[in-house]
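Undergrad: Numbering (the working numbering), first residue to last: 47 to 296.
No lab work stands behind these hints: they were computed from the structure. Values in this document were obtained by computation on a predicted structure and should not be read as measured data. Check the hints yourself; a few may be wrong.
To be verified - Listed next, the in silico DSS-like pairs over lysine-lysine satisfying Cα-Cα at most 25 Å (straight line): (1) 260 <-> 287; (2) 260 <-> 279; (3) 229 <-> 291; (4) 108 <-> 260; (5) 198 <-> 130; (6) 229 <-> 273; (7) 130 <-> 145; (8) 229 <-> 279; (9) 98 <-> 198; (10) 108 <-> 98; (11) 229 <-> 287; (12) 228 <-> 279; (13) 260 <-> 273; (14) 149 <-> 228; (15) 198 <-> 229; (16) 198 <-> 149; (17) 145 <-> 260; (18) 198 <-> 145; (19) 108 <-> 198; (20) 198 <-> 137; (21) 291 <-> 273; (22) 291 <-> 260; (23) 149 <-> 137; (24) 228 <-> 198; (25) 130 <-> 98; (26) 260 <-> 149; (27) 228 <-> 260; (28) 260 <-> 198; (29) 273 <-> 228.
What the hints assert, rightly or not - Computed beta-carbon distance windows for the label pairs: (30) 249 <-> 222: 20 to 26 Å; (31) 95 <-> 217: 36 to 42 Å; (32) 98 <-> 217: 22 to 28 Å.
Here a beta-carbon is modelled for each residue, glycine too, at the ideal position from N, C-alpha and C.
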Amino acid sequence: MADSKQNRILITGANGFIGGALMRHYETNGMSPIGIDLVGVGENTLAEDISKPETFSAALDKCDVLIHAAALVSNAASDPDMWKANVLATKRLAEAAVKYRVKRFIHISSIVVYGNTADGELDETQPVHGDGGSYVLTKLAAEHAVLASAMKSSMETVIIRPGDVYGPGSRPWVVLPIEAIKKRQFILPGYGRGYFRPIYIDDLVTGISLAASKEAAANEILNMSCKGYISTKEFFSHHFKWMDKRGPFS
């Protein structure tokens, strides 16, 4: 895949935080990505269920690069629902990508696959550790599903493991904390002694777009986050500063 080629891009989870940012990135740069989500928004996003890829086979047949950003992340989701959305749907999508000869499949996983107890610097040689409940286990299993499908074909894969993705519109790391601070209901995770490995949404989008186009990224696993980590106290102290409020432990 030549670095300079303008590939035809398909993005799942196109209405989500990461998927939506990717759609805007490519559109701003003069491309016309095809989005897939349960609800169609605009002329470039199709209302489709990714667990039934045969329903959007025409879009798959036209795409060179598939960026799979769709995932179920809700803490309220049941284990079976999370397994269906994050593992079985990913497996079917990867198999369909092989069938329609997609050149590169980029799977947006998560840095949580290293486990909740991982500390210090993390690189891609760190062993994974499924110690964080259904979400962690399904993200691990989804990675295996993608790699297993690719082994049967010439399709290139890139597994991206982002850290905690924040920026305008991020519900878990911006919107909900600010709402809780306004209501004086904010509870500092880990009493400020927990830690984050954040990455700003624009930086993640840049990294994903490079992974979609660069030869060197083919068949790699890539962590994308800040260097090291920061405490939850430091991370959320910025929220209080934005609102001109005194933060906990300040």
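Undergrad: Please go over all the hints and tell whether each is borne out by the structure.
TA: Hint-by-hint comparison with the structure:
no.	hint	verdict
1	260 <-> 287	violated, 39 Å
2	260 <-> 279	violated, 37 Å
3	229 <-> 291	holds, 12 Å
4	108 <-> 260	holds, 20 Å
5	198 <-> 130	holds, 23 Å
6	229 <-> 273	violated, 33 Å
7	130 <-> 145	holds, 21 Å
8	229 <-> 279	holds, 19 Å
9	98 <-> 198	holds, 21 Å
10	108 <-> 98	holds, 17 Å
11	229 <-> 287	holds, 16 Å
12	228 <-> 279	holds, 17 Å
13	260 <-> 273	holds, 22 Å
14	149 <-> 228	violated, 47 Å
15	198 <-> 229	violated, 53 Å
16	198 <-> 149	holds, 13 Å
17	145 <-> 260	holds, 23 Å
18	198 <-> 145	holds, 10 Å
19	108 <-> 198	holds, 21 Å
20	198 <-> 137	holds, 13 Å
21	291 <-> 273	violated, 28 Å
22	291 <-> 260	violated, 44 Å
23	149 <-> 137	holds, 17 Å
24	228 <-> 198	violated, 52 Å
25	130 <-> 98	holds, 12 Å
26	260 <-> 149	holds, 12 Å
27	228 <-> 260	violated, 44 Å
28	260 <-> 198	holds, 22 Å
29	273 <-> 228	violated, 31 Å
30	249 <-> 222: 20 to 26 Å	holds, 21 Å
31	95 <-> 217: 36 to 42 Å	violated, 22 Å
32	98 <-> 217: 22 to 28 Å	holds, 27 Å
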